[in-house]
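Trainee: For the record, the sequence lines run as chains U and S. Just so it is clear: in the first sequence, position 682 is 682 by this note's numbering, and no numbers are missing. Just so it is clear: in the second sequence, position 5 is 5 by this note's numbering, and no numbers are missing.
Simulated from the structure, these hints should not be mistaken for laboratory data. Please note that a few of the clues may not be correct.
Stated by the list, open to error - The list that follows gives simulated cross-link-like pairs (lysine to aspartate or glutamate, EDC-like), each with its CA atoms no further than 16 Å apart:
1) S:57 / S:40
2) S:24 / U:371
3) U:134 / U:334
4) U:572 / U:491
5) U:396 / U:491
6) U:396 / U:489
7) S:68 / S:19
8) S:24 / U:369
9) U:517 / U:482
10) U:515 / U:482
11) S:48 / U:371
12) S:48 / U:60
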Amino acid sequence: MSDGLVKILDGNTFVVSDARGDIEASRTDPTGLFSFDTRFLSRWVLTVNGERLNPLSVDDLQYFETRFFLVPGTGTVYIDAKLSVIRQRAVGNGFHEELTILNHADEPADLKIRLDAGCDFADLFEVKDALEKKGTYSSRVEDGKLILAYDRGAFSRATAISASEPARVDKNGLTFKVRIEPHGEWSTRLHVVTRQLGAGQAREEIEDPKASRLRMRRNLERWIDEAPRLECDWEPLKATYRRSLVDLAALRFSPLIAGGHSLPAAGLPWFMTMFGRDSIFTSLQALPFAPELAATTLRALGDLQGVRSDDFRDEDPGRILHEMRYGEMTAFEERPHSPYYGSVDATPLYVVLLDEYERWTGNRALVRELEVEARAALDWIDEYADLQGTGYIWYKRRNEKTGLENQCWKDSWDSISFRDGRLPGFPRATCELQGYAYDAKLRGARLARLVWKDTALANRLEKEAADLKRRFNVDFWVEDGEYFALALDPDGNKVDALASNNGHLLWSGIVDKSKAKALARHLLSPRLFSGWGVRTLAEGEARYNPIGYHVGTVWPFDNSFIAWGLRRYGFKEEAAVIAAGILDAAQFFAGRLPEAFGGYERAQTMYPVQYPTACSPQAWSTGTPLLLLRTMLGLEPHGEHLVVDPALPSAVGHLELLDIPGRWGRIDAFGRGRVDVERSGR
Amino acid sequence: MITDSTAAFFEELGRRGHEPLLGKVTGSVRFEVVDGERTERWLVTIDKGTILVSRGKGAPDCVLRADKACFDRIAAGELNAVAAVLRGELSVEGDLRLVVRVQRLFPGPPAGRADRRAAGYARRQS
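Just chain U, same shape as in the assembly (with noise of 0.2 Å):
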């Protein structure tokens, strides 16, 4: 790990220490055991002899496991050590830590090892912003445990401390007296159980380690085991898909509404909870590899979709969560996210996968079942989004608090830019959104006539978005440009710079047709196209900055949906193209892309310059390689069977993805790189 943090993790439960196995977390400092947006331990110092440990090195043996190997001693220099200690973690309900000491002197060894633990219980969102607690603390020691407890009115959080040896445990830790014998060693197990979410879902339930630990190796296995297998001429490409189906497993989060399904979280580990827009977008890419995540998020954002209208939450009937929050400040209505709705993609969308997941898997009863949320997200775009009565989806926020001021996936302060560098007012009307909003209705149409049989509002639905595709290519074409305008601002006006989202139009199908080559021409011009990927912004544009956050940045996740939306639109060449370039940084990151990297022009840096961020893997970013595939490959379903249309880059050589899972059973798809990505690059 760059920032020398070990992490392990499962769902929303996760630890991060130092590479000694350490917690020394101060307020605003990301470390110690989290659960359930709360720090359940802040603290947890190992100690032989009153000295602190040296680590040799770690193991990172699964996303849920890792190893430490220390010797006593802080020093610099090198020191004899005559004791190793090897701490074995694994994450569960809490977690569990395998303590071993191994005596390797022919005198026998009289130790005192002390392991000192303390929590403040922190919110994630106090330990971002150092906010005062307002509860009380308690630390008593009962039945042989140590108990940490935080109180707050009827809101209780603890931590359970214990050992499977015998030790002194006070108000501050356990403490082992022991003799190890000549060339002998002594182990004892630590549990560390958080209690939580009231007395009825108390579970403190203390699994064997060696259980969990085979349980969840083996549910790894057949995780790998159920996706399509991939052979490939290219290694890089074999090893990149193999590092995301690994890093997608990692970041399955199960809500307890979910009964044991699993949905993608966004990002670990501080963004293992719902989120609508990110869990959509990866769903989406993953469909064609792990259906049954999609049916997973459509649920679980079904069942929490907006049925009121609440400006604290920005919630309106029919739409769809933005981000969902268990923690202290989440429970006491200081912060909105119980859930949080302030997205206004994520709606769209969630028609958009339900229909993409139908015409995967066939799934009908999913789509009958999500009829009542499918029909209301519908319903949304039109009577809550147009916050201007002009026929487009629009953003302001209601809460100007603590809600988020810019609703889409470009959500940073200075995303949505006037070529000359204005930022416009709001509400804003981004152009994807009404991409998207044109997508939902037409895949809604397909539903409504196949599934729930209502051919009025299929025919509708069709026609306003016959008139919606219509107004738009007029409304937001940039003439002198020959693109679509970033946004509209509050007077109509077009906010004109160039950017990425037209790759996500030619995605959506909003697009005429007639002006599909020239966007194509634009996503692959030295203005956007940095030789790995497409910009968030244009080069020349006032804002342009290689490493501005979403002005010039390289988004993995936006490539993958730009390439497909090159395919929708018939440029097979120029989706390999950028296939091509994402594929190849990957390598530069072991296979696992980053959120962002550099937008720095390819031939000037020759690796790409990775964006600095807190979240590794990111979900979209791992479901980049997945959805490439896709598109590489030319996957469509087409009624009851798969179309394959091969246009792989010709370095990838022969591939194959066997057993791809549908409507259609199982299936092979197979192609040849033939596309020369160097000429039709540029």
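Given chain U's structure and the hints, the job is docking chain S onto it.
Mentor: Frame of chain U, contents of chain S only:
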């Protein structure tokens, strides 16, 4: 002003008949409202959106339990039910997916109750 918003809520719910928001939902929920020594119980049975409120016992799919003060605020739209669960004031047991869908029945905040439909909707309706 003293109003029993909990009683008013269940009375209104009993008159609602069919609730389109729960059109695909079938299941039963018992609400236990603790008022000092006394616990009031309502059993809400949902059959594909058709709601029946009774004082019946039966074995429900899930149980929601809170103090009367807490439940009055939820019934009046002053307290969000999900936040109340996270806070530990509203306890839930049983089928959590059903709980999440049933909380759709609770009203929104009074301040946000005005017709929020967007301008475009008004335009197309006229």
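Trainee: Work down the list of hints and note, for each, if the structure agrees.
Mentor: Hints and how they fare:
Between residue 57 of chain S and residue 40 of chain S the CA atoms are separated by roughly 11 Å; this keeps the pair inside 16 Å, and the hint holds. A distance of roughly 8 Å separates the Cα atoms of residue 24 of chain S and residue 371 of chain U; the hinted pair therefore holds under the 16 Å criterion. With a C-alpha separation of about 12 Å, the suggested pair residue 134 of chain U and residue 334 of chain U falls inside the 16 Å cut-off, and the hint holds. Taking the CA atoms of residue 572 of chain U and residue 491 of chain U, the gap is about 38 Å. The hint is violated against a cut of 16 Å.
Between residue 396 of chain U and residue 491 of chain U the alpha-carbon distance is near 14 Å, which keeps this suggested pair within the 16 Å criterion. Using a Cα cut-off of 16 Å, the hinted pair residue 396 of chain U and residue 489 of chain U holds, with the two alpha carbons roughly 11 Å apart. With a CA separation close to 25 Å, the supplied pair residue 68 of chain S and residue 19 of chain S exceeds the 16 Å bound. About 7 Å separates the Cα atoms of residue 24 of chain S and residue 369 of chain U, which keeps this hinted pair within 16 Å; it holds.
For the proposed pair residue 517 of chain U and residue 482 of chain U, the alpha carbon gap of about 10 Å is at most 16 Å, so the pair holds. Note on residue 515 of chain U and residue 482 of chain U: the hinted pairing holds, with a Cα-Cα distance of about 8 Å set against a maximum of 16 Å. Between residue 48 of chain S and residue 371 of chain U the alpha-carbon distance is near 13 Å, which keeps this suggested pair within the 16 Å criterion. Only pairs whose Cα atoms come within 16 Å are accepted, and residue 48 of chain S paired with residue 60 of chain U is rejected, the gap being roughly 49 Å.
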